[in-house]
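Turn these sequences into a full structure, and let the hints guide you.
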Amino acid sequence: MGTFRPERREVMATERDLVVLGAGMHPWGKWGKNFVDYGLVAAKAALADADVAWRDIEFVAGADTIRNGYPGFVAGSTFSQAMGWTGAQISSSYAACASGAQAMQSARAQILAGFADVAMVIGADTTPKGFFAPVGGERKEDPDWQRFHLLGATNPAFFALNARRRIDVFGDTVEDFAMVKVKNSKAGVANPYARFRKEFTIDDFAGSPIVSDPLRLLDICATSDGAAAAIICTPEYAMKKLGTLEGTVRIRAVANTTPTYPQIRLELPDIATDSNAVVQAPALGFKDSIAHNAYEQAGLGPEDVSCAEVYDLSTALELDWYENLGFCAEGEGARLVRDGVTALGGSKPVNASGGLASFGEAIPAQAIAQVCELTWQLQGRSDGHQVENAKVGLAINQGLFGHGSCTILSV
Amino acid sequence: MTTTERIPAVEGWFTTSEPYTLIGAKCTACGTVVFPPRSGSCPSPDCDGTELEPTPLSRKGKVWSYTENHYAPPPPYVAAEPFEPYALAAVELEAEGIVILGQVAKGVMAADLSIGQEVEVDLQVLYRNDEGVDHWIWTWAPSAPKGAK
Chain A
0 MGTFRPERRE VMATERDLVV LGAGMHPWGK WGKNFVDYGL VAAKAALADA DVAWRDIEFV
60 AGADTIRNGY PGFVAGSTFS QAMGWTGAQI SSSYAACASG AQAMQSARAQ ILAGFADVAM
120 VIGADTTPKG FFAPVGGERK EDPDWQRFHL LGATNPAFFA LNARRRIDVF GDTVEDFAMV
180 KVKNSKAGVA NPYARFRKEF TIDDFAGSPI VSDPLRLLDI CATSDGAAAA IICTPEYAMK
240 KLGTLEGTVR IRAVANTTPT YPQIRLELPD IATDSNAVVQ APALGFKDSI AHNAYEQAGL
300 GPEDVSCAEV YDLSTALELD WYENLGFCAE GEGARLVRDG VTALGGSKPV NASGGLASFG
360 EAIPAQAIAQ VCELTWQLQG RSDGHQVENA KVGLAINQGL FGHGSCTILS V
Chain B
0 MTTTERIPAV EGWFTTSEPY TLIGAKCTAC GTVVFPPRSG SCPSPDCDGT ELEPTPLSRK
60 GKVWSYTENH YAPPPPYVAA EPFEPYALAA VELEAEGIVI LGQVAKGVMA ADLSIGQEVE
120 VDLQVLYRND EGVDHWIWTW APSAPKGAK
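Chains as they are written, first to last, in numbering that gives the first Met the number 0: chain A, 0 to 410; chain B, 0 to 148.
To be clear, the hints were calculated from the coordinates, so they are not data collected in a lab. One thing to keep in mind: the hints can contain errors.
For the chain B half of the interface with chain A, some residues (derived, Cβ under 8 angstroms), not all of them [what the hints assert, rightly or not]: (1) T31; (2) P36; (3) S43; (4) P72; (5) A94; (6) V98; (7) I99; (8) A104; (9) A109; (10) E117; (11) L125; (12) I136.
Just so you know, even glycine gets a beta-carbon here, dropped at the ideal spot from N, CA and C.
Below is the structure:
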């Protein structure tokens, strides 16, 4: 990795690059309230930020939550009703951790197709305590049910398999992993939307219990309540509203990517990889291809990225992303965190928001929160955790069952 | 050899008498193998095959990675009480070009494992149900005695 050369190279945004007109969030935490309550706060904040009336929203793209009953499965409808029915078009998307990105793509596609000029993308969640477990009921054909029932293979166990590879194959240390948490927690202290606003040190790890060897509790992100919303529109709509497109945040890419057969890296929730005995594995692995597709779409490369929000479900996983994003060659991720390259003030700040380390994961809201964070970074509104002179922001994540997503914004 | 019938925790994924092997499915058209076994369509996007037949997989493989669970997984896992940590290993079967996750034989922990180590399929009890019937699952067991790797 590390040698992306997009065929198309357009440093400037084009008319197809929609505008993020407003962003809003409810702080992350653990209150156990109705997820709709959080969503309403985020929706109203995003509308206020965009200076758009709820009645003017033509399309509502909801990101679903599967742990909050029927309203969670029809998020687009749920939030539309909670805000007051206006006859808007809606969609409701589920793509595990990539649900927010899929909702974003749903709204973006509607606008690019000419069916709407302005849309709201929204996701909110209320999470149970402890490990994520499959939803209730005996479902013997469900791979997610199978991996828990037959193996007790929790999400942290999968993160740990990757972390162990990094130690034994690349020579990473558990201190390298801890450095990721130290870095992210430091950035998160200044973020009013982060749940954990405490700075951790390497020394804190010794007292943190091992969950799945070699990962400790502090290496693994928590589950959180939270909500995020964004208002996106055509450049023409923004022009009418603002009188100029100067300084507007543009959506350069939203790539929702599935694996290519054979997928030879063990990924949640699968018990086995595909076989590469008969069909040769593709040149780009799944996680590499997620970033690659977004770079191609944007006509940009890793060298253009000012700051990135990556899915640090575990500390070690953040190091994988550096490599998948082409910020360094495979196996060199730990060097970037050791040298401060990915810290605030470094040349490639990653998770200036504090990342999942500071937020915990609110599944359907998280990918939208990444977009909110990048929007504010590009607008220079991230007091206390601002990336200097941020021009291009990238968000990447991956959900269970082959959902990759990468979004690139520029100003 | 045991004569007691072993009830598998999942049907059709492994043999319940020696020699213990995992059972995959093989496309009769292109020869691609898939685990867990499935039916209906070859997993390769370039193959129109719809017939997949059960096929025994290599008994031995090499550890691709491993971990050790220190907390009881949530249901539907049936955790022993008190919970005892156990290891999981993802094992690469060279001939099939596939990596398969499994619990590691009881008593073999992360400290006993290393990447590239040879392991082989064995069975152990996963849980005992309310009627007192044991349900068995495949495990990865080190091929060489502990400490002799």
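We went through each hint and held it up to the structure:
1. T31: Holds, about 4 angstroms.
2. P36: Violated. Min distance 10 angstroms.
3. S43: holds, 5 angstroms
4. P72: holds, 4 angstroms
5. A94: Holds - the Cβ of A94 of chain B comes within 8 angstroms of chain A, reaching about 7 angstroms at its closest.
6. V98: holds, 4 angstroms
7. I99: holds, 4 angstroms
8. A104: A104 of chain B check fails; min Cβ-Cβ to chain A is 14 angstroms, beyond 8 angstroms.
9. A109: Hint on A109 of chain B: holds, closest Cβ of chain A at ~5 angstroms, below 8 angstroms.
10. E117: violated, 16 angstroms
11. L125: holds, 7 angstroms
12. I136: holds, 6 angstroms
The structure shown violates the earlier hints numbered 2, 8, 10.
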